[in-house]
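*Asks:* Let the hints inform the model, and build the full structure from the sequences given.
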Amino acid sequence: MNILYEIAPNLEALGSELVKCIRQTIQMLIISGVIAFVLGLFLGVLLIVTKSGGIMTNPILYKILDKIIDVIRSIPFIILMVLLIPVSRALVGTGSGVTSSYVALIAGTVPFFARQIESVLSDVDYGLVEASASMGFSPLEIIFSIYLKESIPGITRVTMITFVSLIGITAMAGAIGAGGLGDFAIRYGYQMGYRDMIWVTVIIILIIISVIQAVGNFIIRKTTH
Amino acid sequence: MIQLEKVSKFFHTGSGEVHAVKEVSLHIEQGEVFGIIGFSGAGKSTLVRCINLLERPTKGTVIVDGTELTRLDEKQLREVRRKIGMIFQHFNLLRSRTVYDNIAFPLKKSSLSKEEKHKKILSLLELVGLSDKKDAYPSQLSGGQKQRVAIARALANDPKVLLCDEATSALDPQTTKSILYLLKQVNEKLGITIVVITHEMAVVKDICDRVAIMELGRVVEEGFTEDVFVHPRETVTKDFINTANNIDKIYELIQQESNDLTKLQDGEKIVMLTYSANNAGEPVLSYLVESFGVKANIIYGNIDILKGKSIGKLVVTLSGKAENIEKALAYIQERKVELEVMKE
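Sequence order for the protein chains is Y and A. For the first sequence, position 181 matches number 181 in the working numbering, and the numbering has no gaps at all. For any residue, its number in the working numbering is found by taking its place in the second sequence, counting from 1, and adding 1000.
Fair warning: there could be bad hints in the mix.
[Stated by the list, open to error] Capping the alpha-carbon separation at 25 angstroms, the derived lysine to aspartate or glutamate pairs in DMTMM-like fashion look like this: (1) K1075/A to E141/Y; (2) K1117/A to E12/Y; (3) K1120/A to D196/Y; (4) K51/Y to D1132/A; (5) K1160/A to E130/Y; (6) K222/Y to D1101/A; (7) K63/Y to E1017/A; (8) K1075/A to D125/Y; (9) K1059/A to E130/Y; (10) K1249/A to E1226/A; (11) K1114/A to D125/Y; (12) K1160/A to E141/Y; (13) K1109/A to E130/Y; (14) K149/Y to E1079/A; (15) K1108/A to D1132/A; (16) K1108/A to E130/Y; (17) K1134/A to E130/Y; (18) K1075/A to E130/Y; (19) K149/Y to E1074/A; (20) K1083/A to E141/Y; (21) K1108/A to E141/Y; (22) K149/Y to D1101/A; (23) K51/Y to E1017/A; (24) K1120/A to D123/Y.
[Stated by the list, open to error] So the derived list for chain A, only partly shown, Cβ under 7 angstroms to chain Y, looks like this: (25) N1052; (26) L1054; (27) Q1076; (28) R1081; (29) R1082; (30) M1086; (31) F1088; (32) N1092; (33) Y1100; (34) K1133.
Just so you know, the hints here were simulated from the structure itself, not pulled from any lab data. Note that the Cβ used here is the ideal one computed from N, Cα and C, for glycine as well.
*Replies:* What follows is the structure, encoded as structure tokens:
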């Protein structure tokens, strides 16, 4: 411990605050990450199957989804956050704090993730889809046992990419008072000028990312043949 | 077993309507191997997809094993499709699953018990000769092995019909032979009706009982393989047959004036004689010399064995007196040997 305090002298006073912020960041990552994963996967699949030539072709639905995703993706996250404060109030009852950040984080992640899923799933050979249709599988069964099952390595890869970008925007969410490591770094590292605290947050974020990447690479290795 | 009545399939594209299949009627009998041959774009792949309704025909009816598929809704159709196996040019195996799991895949919806399924998969692996590869992944297999897995998978639900869409087109000639042999075995041992889509005449020659030739969405000619081989009517059919032997090279040679082999003296003729099973081996040529004093110089010869019967083609230069050559030609035709004058 003493060595740590020597390297980062402000850690002694800010240690408990840092732990609280790490917990907030992890909470934001897990809750918005899980919700965004499910929604993004759902939308990505919807894009693929409703596309012309897909197994449940629906050009109108595809067009609408496609446009909405493009519009949301083109709004910079810091602006999107402010824009969504009223939505957040309506949905989770508050416009600030960790809870309110979920809406913005999910809205900032889902369109990006859905597009990436769409591109991963479009790499699935249509021949496989056709082959399973010829075996009498329904569209829903084809989605699960072909599109999703055959794409596990690709889905894992884009999930990791999206996760890293999610960590990036959770740091920004600190700006609307969401707390977390980004908020910590701005408050102590920037406003108070504690350089050591910047380094500490950087290292912690690197550790989080490394853990995620290790898990992801493990899954990819196990599922690629 | 399979009845197509005036089946048509139109596609709407940006530049208008494409008529991929036009009013095709075919009756395929139980237990036969039926070939559909055509150049790319002839509509044969669309036609075969109309049999299991992967493509729903725009017009016409499709009846398989007594069930009118064109009347069924999607749910009923899925049930019927399990009894129609299909294999593809690019095998379409699931890369994330082992050989065993690929064959198990279509059994997901089967009512067999776990043990019965296991037995079934092992017996299929044995049938296609891949028992030792059951835990391999598709990426570890050769093209021929992949197609064997695909065949095993297509047979998992005991289908009555097996559709083969260009199943050997991505394989080398040696492997093609072994896959065709396997299909023939499947046909004979299990009594499964097989429909083969191909652009290779050699495939038709090897395994098909009957064949239909497609051009521009229509079936232009249809018949028993040996009949079509001996008496092709349409130009496209002749083209296919000529690519299967080397006869198209002779046509090229005849076009070239400078070639010594096909250079003619006055009064000489180059003719092509096609023998069928009934008159093959008869000493027609020697008779020409004896009776008409017409010499026949063979410049090309080819004998095909079709289902144990031989079909021969000879290209000969006939030389002698003009009137004798005429008599000789008349004699040849009398003997029911197909005759084509190629150059005179």
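*Asks:* Next step is simple, just say for each hint if it's right about the structure.
*Replies:* Each hint, compared with the structure:
1. At most 25 angstroms may separate the alpha-carbon atoms for a hinted pair to count; K1075/A and E141/Y meet this at roughly 13 angstroms.
2. Between K1117/A and E12/Y, the direct Cα distance comes to roughly 65 angstroms. Violation of the 25 angstroms bound is thereby established for this hinted pair.
3. Of the supplied pair hints, the one linking K1120/A and D196/Y is violated, its CA atoms being roughly 66 angstroms apart against a limit of 25 angstroms.
4. A hinted pair counts as satisfied when its Cα atoms are at most 25 angstroms apart, and K51/Y with D1132/A does not qualify at roughly 41 angstroms.
5. With a C-alpha separation of about 19 angstroms, the suggested pairing of K1160/A with E130/Y holds against the 25 angstroms cut-off.
6. For the given pair, K222/Y sits about 16 angstroms from D1101/A by alpha-carbon distance, which is consistent with the 25 angstroms threshold.
7. Distance check on the hinted pair: K63/Y and E1017/A sit about 23 angstroms apart at the alpha-carbon level, within 25 angstroms; holds.
8. Among the hinted pairs, K1075/A with D125/Y is consistent with the structure: their alpha-carbon atoms are about 24 angstroms apart, no more than 25 angstroms.
9. Distance restraint check for K1059/A and E130/Y: the Cα-Cα separation of roughly 22 angstroms lies within the 25 angstroms cut-off, and the hinted pair is therefore satisfied.
10. With a C-alpha separation of about 22 angstroms, the suggested pairing of K1249/A with E1226/A holds against the 25 angstroms cut-off.
11. Proximity of K1114/A to D125/Y is assessed by CA-CA distance (about 29 angstroms); at most 25 angstroms being required, the pair is judged violated.
12. Distance restraint check for K1160/A and E141/Y: the Cα-Cα separation of roughly 24 angstroms lies within the 25 angstroms cut-off, and the hinted pair is therefore satisfied.
13. Under the criterion of a C-alpha separation no larger than 25 angstroms, the hint pairing K1109/A with E130/Y is consistent with the structure, at around 17 angstroms.
14. Of the pairs offered as hints, the one joining K149/Y and E1079/A holds, with about 23 angstroms between alpha carbons and a cut-off of 25 angstroms not exceeded.
15. The suggested pairing of K1108/A with D1132/A holds, with an alpha-carbon distance near 23 angstroms, which does not exceed 25 angstroms.
16. A threshold of 25 angstroms between alpha carbons decides the hint, and for K1108/A with E130/Y the separation of about 17 angstroms falls inside it, so the pair holds.
17. Using a Cα cut-off of 25 angstroms, the hinted pair K1134/A and E130/Y holds, with the two alpha carbons roughly 24 angstroms apart.
18. A distance of roughly 16 angstroms separates the Cα atoms of K1075/A and E130/Y; the hinted pair therefore holds under the 25 angstroms criterion.
19. For the hint linking K149/Y to E1074/A, the alpha-carbon distance of about 24 angstroms falls within 25 angstroms, and the restraint holds.
20. Distance hint between K1083/A and E141/Y is fulfilled; the C-alpha atoms sit about 18 angstroms from each other, no more than 25 angstroms.
21. Taken as a hint, the K1108/A and E141/Y pair is honoured in the structure, with Cα atoms around 10 angstroms apart against an allowance of 25 angstroms.
22. Proposed proximity of K149/Y and D1101/A is supported: the alpha carbons are some 13 angstroms apart, at most 25 angstroms.
23. For the given pair, K51/Y sits about 20 angstroms from E1017/A by alpha-carbon distance, which is consistent with the 25 angstroms threshold.
24. For the hint linking K1120/A to D123/Y, the alpha-carbon distance of about 32 angstroms lies beyond 25 angstroms, and the restraint is violated.
25. The interface hint given for N1052/A is met, as the beta carbon of that residue sits about 6 angstroms from the closest beta carbon of chain Y, less than 7 angstroms.
26. Restraint check, L1054/A versus chain Y: the minimum CB separation of about 6 angstroms is within 7 angstroms; hint holds.
27. Contact between Q1076/A and chain Y, as hinted, is not supported at the beta carbon level, the nearest pair being about 10 angstroms apart and thus beyond 7 angstroms.
28. Interface hint status for R1081/A: upheld, as the beta-carbon distance to the closest one in chain Y is roughly 4 angstroms, under 7 angstroms.
29. Evaluation of the R1082/A hint against chain Y yields a held restraint, the C-beta minimum of about 4 angstroms falling below 7 angstroms.
30. About 4 angstroms separates the beta-carbon of M1086/A from the nearest beta-carbon of chain Y, less than 7 angstroms, and the hint is met.
31. For F1088/A, the suggested interface contact is upheld, since its CB lies about 6 angstroms from the closest CB of chain Y, less than 7 angstroms.
32. Taken as an interface hint, N1092/A checks out: its beta carbon lies about 4 angstroms from the nearest beta carbon of chain Y, inside 7 angstroms.
33. For Y1100/A, the interface hint is violated, the least distance from its beta-carbon to any beta-carbon of chain Y being 13 angstroms, above 7 angstroms.
34. With its C-beta approaching chain Y no nearer than about 13 angstroms, K1133/A sits outside the 7 angstroms limit, and its interface hint is violated.
The structure is inconsistent with the numbered hints 2, 3, 4, 11, 24, 27, 33, 34, although it conforms to all the rest.
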